[in-house]
Amino acid sequence: MSVEQGTAVIAEIRDLRVHFPVRRGRRRLTAHAVDGIDLQIHEGEIVALVGESGCGKTTVARTIMRLQDASSGSVAIGGIDITRARGRGLRRLRRDFQMIFQDPFECLAPNSTAIDVVTEGLRIHRGDLDAAARRAAGLAALEMCGLTPATTIAERRIFQLSGGQRQRVAIAAALAIEPRLLVADEPVSMLDVSLRAGVIRVLLDLRERLGIAMLFITHDLALASVFADRVAVLYLGRVVEQGPAAEVIGSPRHPYTAALVGVMPKADAGHRGPRPILSGEPPNATATMPGCRFRPRCPLYRQLGEPEICQTDEPALPIIANNDRADHVVACHFST
Amino acid sequence: MTGPVINSSLDTQPVNGHGAGGWRGALRQLASDRMGRIGLVIVATVVLVAVAGPLLVPYDRTAVAASRTGILQSPSAAHWLGTDELGRDILRQLLAGTSVSLEIGLIATLITVLIGTAVGVLAGWFTGFVDAVLMRITDFFLVLPSLPLMIALGAIIGQSLTMIVFVIALTSWPSTARIVRSQALAVREREVVARAKTVGLSSAGILWRLILPGVMALVTANAVLVIAGSILAEATLSFLGLGDPTRTSWGQMLHNAFVTGAVGNGYWWYFLPPGIGIVIVVLAFSLVGQSLERILDPRLAAAA
Amino acid sequence: MTLLRVRNLAVTYPTSEAMVRAVDGIDLDVHAGEVVGLAGESGCGKSTLALAVARLLPRGAVMSADEMSLGGTDLRTVADEELRSLRWRRLSLVFQGAMSSFNPVMRIGDQIAEAIRTHEPDSYRRDVADRVGELLNQVGIAPARSEDFPHQMSGGMKQRAMIAMALACRPELVIADEPTTALDVMTQAQILDLIRRLADELGLAMLIISHDLTVLAELCDRVAVMYAGRIVEIGEADEIFGAAGPAHPYARRLLDCYPRLEAGQGSISGIAGSPPDLARPPSGCRFHDRCDQVIPRCNADDPTLHLVPGSAGHLAACHLVCAAQAVGR
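Chains as they are written, first to last, in this note's numbering: chain A, 1 to 336; chain B, 1 to 304; chain C, 1 to 329.
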């Protein structure tokens, strides 16, 4: 059910790096949480950023939203580099990029009414609207997110709403100011499984109707496969594979992606049996090493007898040519 | 639309703006806590007495005894708590002193809370250099010894209850500031604040709409305890003779009693009433304050 | 041999508005060496059930049961002393978020040793130390790491250490509440693998509680699905997760909610509506207002668990399933 997507690039992330100073005992180390990411999101496109904890996906989201400063690199939204903006200028630009947070119980003030939450952005960014117009826009947004009857839900206080409803209110608040980019950080992972479809459908609906571009952060590959157009797999702060969702998940080319797909949980009785479980833990971002950073856990590396190039050269992700969104690229010396 | 189903998690939610009720919820919980209830009742009584008290006792407060037989009388039908060294009715003084002690406690607390909250919130929000500077100033005032300061100021400015209020506030605001700062730092890290930033709310907006309300509950609990402390401080300072001899406060009464030698001579009706009064009022405010703290911080309640 | 027998268990919480029956008439058996799963979404009562069995309900909760026994011991009336010796020696627990319930200032090895010494006070120090090393080995932690403090271990390692602690006194039954929530998918796979292996090797009986059906499909021999305080379906995991799928409409719909790779973009299902308010349960079947196969009888009659036709031991509480059975009779 893909929509006619414009080829205009809404968000362009170039060589984004985010480094944190970290103290381990008396030593001062640097955590390279995000270590050189290039990503393009087109109008009406849904790009999923997947990976385990520590891969940097949440840091990418927070850096794009300017909750975190980038160490280097740029993030351009609608052509404007938002990493340079500050103060009032930044606040004005924020209208173009909004975020849906992971925990619907933590990100909304419990005593506010739903309509207050939804119209807050309008008060800030649409000074041209009077109270009546704002209320109308707010109610329309609530309707669009499936919270009906909007007039009743509008007066409810946040603490009276369930998790799924709160997320919808958050989405309504975001879309009321008509952003170009929506960053959704694990928007359904804290919801019961039966409620997730409702929220996902709202997001898909918004993409259809308004052509909003979305960056969807998740650890759930199965969800990414039914929701996203393209998937970028992150490992230790870098993209190791990128391409159309069905392709990346259906026929993964990077050994890490293959492992993630292999251990995907399935509610299937015939599922028990040996699977390609990677040994070890997700690595921490302070350990820098020469060569490929996936080397310690890479089954392909061991299989091929520990080739030297993996120890010396960090594989680069080929640049996607000509804005071609059907391109499936991988950062590995020996990918299939 | 059915309401939320019972949560299988066993966490109690802090009243601190979260969950149902907010202020009304807090009051309800306060009333259900035994200590809080007792404190609340006593405080209400004291306030009532302060406001209406002197009207209840129809004696002229300043009426002085006509002859020597009228002074230092033990309690009788005419004077329920006896008379002092000038023949003035003790009960009347006690009732008048209620409002003075309370007044001083409240005004000193108001100033303390205003300064402490402002400093705490600003230090907690801006962190970095601003925080460092504000905290050093706070530390300076924290270590000022109130008694020598009072005596010095008394010598310069002259003794008055205004000066007492001033000194109490000066030496109390730092601890409020520290408490508020900790809470502000915590509130700052909440996801609500992060989201408010992404929506485009300015720093001032966030401070006013999120940080300040987030510390208000703690400030209130702290304020109640500061009232208790202020009343006690005023009593102490007046007792030591640093207060205003023309205004009847309980501390002043104790001072007069002491000077008159009431303790040695067994004029118990002179020093016991104000002494007991101070203890009861301070205790009452402390009970309410501690109860509020317990309600607002579930972890303290669990440990209790 | 039946290890845990529960009959007609009910747990009521008093709230400011009304009495809420979080668990309403549960029958459950766990046999020796069997892994049983308890599935359900928020508020269905599964955690409450676990707490009730372990006698850890909060003050104010009212529990009643016709029977609740572990081996020969009646769990309802057991005295505090015996309860203490029962816990950990015969019944141990792994809680949700257990990773954060380690004492942050004690070494992991010491904490496990403490668990052993508390419940087997006559053990020799060296035996305890050996046992700790053995346990850590069993869960895949290098014994040298027993000197580590909790903050030096990752989430996955702490969860393994928690499991080691639960096995310390060789219990008959282990109750695990959400053993892999908050873990990465790779670490989760490792932990599930470990649990399955241990259950097989040690012949453990386990009661696993999870909102995640995929976890239960991985681990369990039998699965019970809960909804609004009741068990609505219970049967062999192979049957419920097999080709035919679950019998009860809620269980079917729940299983459908898990996205499948092959499904294609946009095909994700949910269940409209929300669970009933347990303070005022609806008349008839508790799921009838959200069920897409509702028949008139569902509104009035509350179904009980009956055998699913053509099976042995697969039960469902649904009129549709039972009607077929009644007709067949």
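Hints are computed from structural coordinates only; laboratory data are not their basis.
Be careful, since some hints might not be right.
Label-pair ranges, simulated between beta-carbon atoms [to be verified]:
1. C:Ala182 / A:Arg201: 46 to 52 angstroms
2. A:Arg201 / B:Asp139: 55 to 61 angstroms
3. C:Glu262 / A:Glu306: 52 to 58 angstroms
4. A:Asp205 / B:Arg28: 38 to 44 angstroms
5. B:Asp139 / C:Pro104: 43 to 49 angstroms
6. C:Val105 / B:Ala31: 47 to 53 angstroms
7. A:Asp205 / C:Pro14: 26 to 32 angstroms
Here are some chain A residues pointing at chain B (derived, C-beta under 7 angstroms) [unchecked claim]:
8. Met65
9. Phe101
10. Ala109
11. Gly121
12. Ile124
13. Arg126
No residue lacks a Cβ here, since even glycine has one placed at the ideal position from N, Cα and C.
Hint-by-hint comparison with the structure:
1. Taking 46 to 52 angstroms as the suggested C-beta distance range, the pair C:Ala182 and A:Arg201 does not conform, at roughly 27 angstroms.
2. Hint check: A:Arg201 to B:Asp139, Cβ distance near 56 angstroms, so the stated range 55 to 61 angstroms holds.
3. Between C:Glu262 and A:Glu306 the CB atoms are about 36 angstroms apart, so this pair departs from the stated range of 52 to 58 angstroms.
4. Judged by the Cβ atoms, the range 38 to 44 angstroms given for A:Asp205 and B:Arg28 holds: they are separated by roughly 42 angstroms.
5. Taking the beta carbon of each, B:Asp139 and C:Pro104 are about 30 angstroms apart, not inside 43 to 49 angstroms as hinted.
6. A hinted range of 47 to 53 angstroms is violated for the C-beta pair C:Val105 and B:Ala31, which are about 39 angstroms apart.
7. A beta carbon spacing of about 42 angstroms between A:Asp205 and C:Pro14 contradicts the range 26 to 32 angstroms that was offered as a hint.
8. With 7 angstroms as the threshold, the beta carbon of A:Met65 comes within range of chain B, its nearest partner Cβ sitting at about 5 angstroms, so the hint holds.
9. Interface restraint check for A:Phe101: the shortest CB-CB distance to chain B comes to about 6 angstroms, inside 7 angstroms, so the restraint holds.
10. Taking 7 angstroms as the C-beta cut-off, the interface hint given for A:Ala109 holds, the closest approach to chain B being about 6 angstroms.
11. A least Cβ separation of about 5 angstroms between A:Gly121 and chain B falls short of the 7 angstroms threshold, and the interface hint therefore holds.
12. Here the hint on A:Ile124 is kept, as its CB sits about 5 angstroms from the closest CB of chain B, short of 7 angstroms.
13. With its C-beta approaching chain B no nearer than about 11 angstroms, A:Arg126 sits outside the 7 angstroms limit, and its interface hint is violated.
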